[in-house]
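Novice: Listed here are the chains, written in short residue letters.
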Amino acid sequence: MLGGLTNGNQQPAITVNHLTMAYGSFVLMRDLNFMINHGDIFIIMGGSGSGKSTLLRNLIGLNEPAGGEIFYGDQNFTKAGLAKRQEVLTGVGVLFQSGALWSSMTLMENVGLPLEEYTDLNPDQIREIASLKLALVGLKGFEDYYPSEISGGMQKRAGLARAMALDPEIFFFDEPSAGLDPISSRLLDDLILDLRDSLGATVVVVTHELASIFTIGNNSIFLDAETRTMIAGGDPKDLLAHSKNPTVHRFLTRGEGERL
Amino acid sequence: MDIKAALNQFSFDHRDDSTLVVRLSGAWRLGGEPSSAFLADCERQLSAQIRVVAFKASELISWDSSVIVFVVQLSGLCYRHGIHMDRGGLPPGVRRLLALAEAVPEKKGARKEAAKATFLEHVGHTAIGAGDSLGEMLKFLGEMAVTFFRLVRLRVRFRAVDLFLLVQQCGAQALPIVTLISFLVGVILAFVGAVQLKQFGAQIYVADLVGIAIVHEMGAMMTGIIMAGRTGAAFAAQIGTMKVTQEIDAFTTMGFSPLEFLVLPRVIALIFMMPLLCLYSDFVGVLGGATVAVEMLDLSWTTYVRETIHAISLTDLFGGVFKSSVYGVLIALSGCLRGIQCGNSSSAVGDAATSAVVTGIVAIVGACGVFAVVFYVLGI
Ligand SMILES: Nc1ncnc2c1ncn2[C@@H]1O[C@H](COP(=O)(O)OP(=O)(O)OP(=O)(O)O)[C@@H](O)[C@H]1O
Ligand SMILES: [Mg+2]
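Top to bottom, those sequences are chains A and B.
Here numbering that gives the first Met the number 0 is used: position 175 in the first sequence is 174, and no number is missing along the way.
Here numbering that gives the first Met the number 0 is used: position 154 in the second sequence is 153, and no number is missing along the way.
No lab work stands behind these hints, which were simulated from the structure alone.
Yeah, the Cβ is synthetic: ideal placement off N, Cα and C, and Gly gets one too.
Watch out, some of these pointers could steer you wrong.
Computed from the model, here is a short list of chain A residues facing chain B with C-beta under 7 Å [unchecked claim]: (1) I59; (2) L61; (3) G90; (4) W101; (5) T105; (6) L131.
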């Protein structure tokens, strides 16, 4: 599943039309419209509790949209059946906000399981690839640890390695740098850029880290809990320079220069 | 001076007719008298002329959140009476914290509606909830049926390691408790029988009573109930926790069906372990009965064993073992169902475990009744 950028189609990787998200009768966000292009590093911004994780869950089919549609390429994901959805999702790697490593398996098994399932590699090769992925996130030597034996930040990184196991075309990362020290989170930014540049991957990231938003992001949306919809979109650097919206501006400048 | 007396002190001053000054003094601690008691005092002081409430805190030795809570409550009171509150006299730290607490406006629609439901509403909600949960259960059973179908066609995937661990967990590790309970049930049955049968000099039939009761019914039933409490709850808690930590979501997005990957091995493990446990329980139960008979009724071991073998047929034995296998399926399914339905918090995991045990036991007893009728009709 390598390639990506070279496939040359102009169609966006993901298109979201009039998406409404709700928990029961509690409408979280309505009328979200945006496109994620191939090779984008797409940032989902918004205050805590605004619905960023929920948006990711909608995009990967864990929550059903209360309205609107999601397209992967020209495939209508919202209307697709189980088999079709699964087919789409094999090209997707997800890092959950809590890491969500399988607690009964070692890191090696966590990363190796998708490989075992979806490839014909023999156990030695799987071990090798899994070790490589763990090394990429700085967890060389922790292959035989269980998730409960490593720290929260390490679990996050192991989750990242698992998401990368099958070299997917699209990544969804929910706050990948939360719980990481500044250096590790810099390395993580580099890794995300590498995923895009060398594998041609599209990366959708939920993050609050302003430094990484500006370093890696080339497209974004901003979810606002107050108005219950997206209030801005586009390159974060442009948003910083030109956005007239006070909420967005305050977010991107950490509200500095004003008394909160 | 009594330390207690210095806690949470306050008094009132009337600077002029329209201003009430609340004087805080001593050390304010959360452990002291609750501020709700003071509030009534304050309300009594609010006469019609008073337009402003102010504070004086020069004698305040130390303070914590108790002061904040008091001021917030008092400001609510003032707001209701249309009185202005002048916070100038409060220590600067208190003023800053108050400002911080009031800086972010309450999110609209975030507060849960605490509307008190009427009885009828309650009944309605419960009925709808029961309908929903029945639907969920049917969906789960349907999906499990499909999964089994795939199992027959050898198209399922789960880790063999998981199965072995589960077999160990719900097989070998359950032996001690099964031994204890089965032995005691055998002993109790023998006691009850012995007292009655002795009156007719028919002590030897204790062996028949214990043998038939245990092998036909109690062996399967007791292992079923033990396993519902032990393993059913564990299944619900394991799967529920995986739900909370999003591990199930990770399975789903990677295209592993949680039913295949988590539920199926558990069902298989119990299907195979329950009959073995049941046979073992039969054996230990009869042993318990024999112990009583030998000790109390002066029967010899050989007589007892011969009478037992004479009393029970192979059909009884297989009937019991078959039932236990069905109970195994019921326990595993109810445990896993409750786990999959589990909410997103640790208390939900506890609820899931509880409800798994209840569902499991109800299912076992229900199935037991059905078996009794069916076996009777079939003449077994
Ligand atoms: N399972 C749920 N049931 C009901 N409401 C939920 C549920 N999960 C989340 N919510 C609500 O949805 C809102 C958004 O939650 P979400 O987890 O998407 O926020 P977020 O933007 O990811 O926040 P954070 O940055 O803190 O992770 C929250 O206000 C929460 O009240
Ligand atoms: Mg989140």
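Novice: Taking each numbered hint in turn, which are not upheld by the structure, reported in ascending numerical order?
Specialist: Violated hints: 3, 5 and 6; rest satisfied.
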